[in-house]
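Asker: Listed below, chain by chain, are the residues.
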Amino acid sequence: MKVFIYPPNSMILQDLVERFGHTPLALAKEIERRVNDPELDSPPMNITEIDVKIGLKYAAIEVPSGVRGRLAMFGPLIDEAQAAIIVNNFPSTFGCMACARTNELTIYLIKQKKVPTLELDYPTNEEEVEDFVSRIKSFLEGLK
Amino acid sequence: MIKIAQLSCGNDYSGIQKEIEKAAETVGAKIVFPDVDIDFDDAVEDFGFNPVSPGLKLMVARAKALADKTFEADAVLIATCFRCAEGALIRNELRRYIQKHTKLPVVMYSFTENTKASVLLIRMEALVTIVKRKDLLGRERQVGITMGLDSGSATTKAVIMQDNQIVSKFWHPTSGVLESAEKAVSEALKLANMDFKDIEAIGTTGYGRYILGEHYKAKLVQEEVTVNSKGAAFLAGRQKGEATILDIGGMDNKAVTIKDGIPDSFTMGGICAGASGRFLETAAKRLGVEIAEFGEMAARGDLHKVPMNSYCTVFGIQGLVSTLAEGHSKEDVAAAACRSVAEQIYQQQLQEIDVRYPVIQVGGTSLLKGLVKAIGAILNTEPVVPENSQFIGAVGGALLSSGFI
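Protein sequence lines, in the order shown, are assigned to chains A and B.
For what it's worth, the working numbering labels the leading residue of the first sequence as 1, then goes sequentially.
For what it's worth, the working numbering labels the leading residue of the second sequence as 145, then goes sequentially.
Be a bit skeptical, because a hint or two may be false.
[Said to hold, decoys possible] Listed below are the simulated DSS-like cross-link pairs for lysine-lysine, each with C-alpha atoms no more than 27 angstroms apart in a straight line:
#1 K29(A) to K162(B)
#2 K162(B) to K57(A)
#3 K53(A) to K144(A)
#4 K260(B) to K53(A)
#5 K474(B) to K449(B)
#6 K53(A) to K276(B)
#7 K53(A) to K449(B)
#8 K278(B) to K213(B)
#9 K276(B) to K247(B)
#10 K162(B) to K276(B)
#11 K260(B) to K57(A)
[Unchecked claim] Over 12 angstroms on every C-beta distance to chain B, these chain A residues come out as not near it, computed from the model:
#12 K2
#13 P38
#14 K57
#15 Y108
#16 P116
#17 T117
#18 E128
#19 E130
#20 D131
#21 R135
#22 S138
#23 F139
#24 E141
Please keep in mind that the hints were generated in silico from the structure rather than gathered at the bench.
Ideal Cβ placement from N, Cα and C applies to all residues, glycine included.
Let's have the full structure, built from the sequences with the hints guiding it.
Answerer: And the structure:
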């Protein structure tokens, strides 16, 4: 199944989803494609005016361009999602979209999809880490 | 190479980073990002404002690196997404923080996905000039015989100075950049009773500065933020101490804070004609009076008698004129138009800098007494309007170019 992860650039979540046999809907591949695309010339992310306008599908024109630009990338991933894992209260090193308003809207859009969703807090000690991984494992194994 | 430290959020996802870097490169500067620890918490706590967005936390950490001098830069660009409330709060507080802890010149900008290098160019050029030409900008006396040319969007001005005195001046409406300048130059020379070969150095500024600079082999070709500030400080006799220069132009507005004649922060408008001299020009036309007479009329009117429904050049002026039918006088309508421009400038621009006193109002619009009165009312001060205030750019050009003799 295609599993959207939040934060979408978390390498740990991406790895866990892959390990348990599913396809992560993560940002890394999209960013890699953009960074390496020789046709585009707006480094480092190669986001263009057109991309930001694509974001209008998810957020209105009054919304800051940075939010719309981010949603131009995350939005299509959310559209594809068949399941989702949302981690709350994570530090920037775990994954970071830099913008709190984008975070709020992204979580709302995932919840609106009504797909099987696992929501959990970022672990702060070893015991919580074990529980964190175990819950993700059970969730992913239970997806058909 | 001048290093401009960029403190920003949303720029990559708005796809405008290339434009920022292009503008910096065009003026011989380089955009740099202060190195910071991945853990921003200490920086944010020290700053005292804890934004929710990690991108803004990163901006704070980068600003702290500049304040602590753990990262060296020559100037600062603070930029966040247009319409981001949290970004706007942080942007302004960071600007104060940088100015309190460093002597770096700062410029702020709120961008959209449509922001292009050309919009940022004049801001970058001014930042670079402030850093690179500090000695030149420190010049307080004009020497020899020099000419300043200010090619503005509405008028082209020429001033000839000799031994720290203005010996002649002439302005002409801008139709073509070169044709208008040729007219202004020849008339200024005629008035000074001089030949072109008598001029030892020329300084050009304004929108047509590059064309004129090349044509007249100018020694100085410089954007108007720094040149106008210099001219204003000279004309107002404020070469020492602090002041705010307010230049409401035909196409854009500049508000510059200066210390000892050198700009240290500035803001530029230019998105809406409703906040420019064009608004008043259009209002004067609708009232059927000349712009100079309009300024006098507005000064006689009551700033608050006529209600304003819109700042828009089309709808606002239409609304103002229709109040004539309700029995309001032309004087009060003209005063309301001036108040409209003053309010917009206050709301959009003066909020972005720490206004320092005195406020020196310059440019062609400073001759409109009603507008000066409206600005004074909103800032609770009496703006200083120096003699020849409409020639500041040309005077600044003549003064600074004498440094090349």
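Asker: Work down the list of hints and note, for each, if the structure agrees.
Answerer: To see whether the hints hold, each was checked on the structure:
1. The suggested pairing of K29(A) with K162(B) holds, with an alpha-carbon distance near 22 angstroms, which does not exceed 27 angstroms.
2. For the suggested pair K162(B) and K57(A), the alpha carbons sit about 25 angstroms apart, so the restraint of at most 27 angstroms is met.
3. For the suggested pair K53(A) and K144(A), the alpha carbons sit about 35 angstroms apart, so the restraint of at most 27 angstroms is broken.
4. Proposed proximity of K260(B) and K53(A) is supported: the alpha carbons are some 16 angstroms apart, at most 27 angstroms.
5. The suggested pairing of K474(B) with K449(B) holds, with an alpha-carbon distance near 11 angstroms, which does not exceed 27 angstroms.
6. Restraint check for K53(A) and K276(B): the C-alpha separation of about 39 angstroms exceeds 27 angstroms, so the hint is violated.
7. Simply put, K53(A) and K449(B) have alpha-carbon atoms about 43 angstroms apart, too far for the 27 angstroms limit, and the pair is violated.
8. As the CA atoms of K278(B) and K213(B) are separated by approximately 21 angstroms, the hinted pair is consistent with the 27 angstroms bound.
9. With a C-alpha separation of about 14 angstroms, the suggested pair K276(B) and K247(B) falls inside the 27 angstroms cut-off, and the hint holds.
10. Using a Cα cut-off of 27 angstroms, the hinted pair K162(B) and K276(B) holds, with the two alpha carbons roughly 23 angstroms apart.
11. Restraint check for K260(B) and K57(A): satisfied, since their Cα atoms lie roughly 24 angstroms apart, inside the 27 angstroms limit.
12. Against chain B, the non-interface label of K2(A) holds: every CB pair exceeds 12 angstroms, the least being about 23 angstroms.
13. The claim that P38(A) is not at the interface with chain B holds, since no C-beta of that chain comes within 12 angstroms of its own (minimum 15 angstroms).
14. Here K57(A) stays apart from chain B, with its beta-carbon at least about 15 angstroms from theirs, past the 12 angstroms limit.
15. No beta-carbon of chain B comes within 12 angstroms of the beta-carbon of Y108(A); the shortest separation is about 15 angstroms.
16. No Cβ of chain B approaches the Cβ of P116(A) within 12 angstroms, the least distance being about 28 angstroms, so the stated non-interface status holds.
17. For T117(A), the non-interface assignment is confirmed: its Cβ lies about 22 angstroms from the closest Cβ of chain B, beyond the 12 angstroms cut-off.
18. Every CB of chain B is more than 12 angstroms from the CB of E128(A) (nearest about 20 angstroms), matching its label as outside the interface.
19. With a least beta-carbon separation of about 25 angstroms from chain B, E130(A) lies farther than 12 angstroms from that chain, consistent with its non-interface assignment.
20. Consistency note on D131(A): stated as away from chain B, and its beta-carbon is indeed over 12 angstroms from all of that chain's, at 25 angstroms minimum.
21. Under the 12 angstroms C-beta cut-off, the non-interface status given to R135(A) relative to chain B holds; the minimum distance is some 25 angstroms.
22. Distance check for S138(A) against chain B: the nearest CB is about 30 angstroms away, which clears 12 angstroms, and the non-interface claim stands.
23. Taking the minimum C-beta to C-beta distance to chain B, about 26 angstroms, the non-interface status of F139(A) holds against the 12 angstroms cut.
24. Listed as a non-interface residue, E141(A) keeps its Cβ farther than 12 angstroms from every Cβ of chain B; the least gap is roughly 32 angstroms.
Of the numbered hints listed earlier, those contradicted by the structure are 3, 6 and 7.
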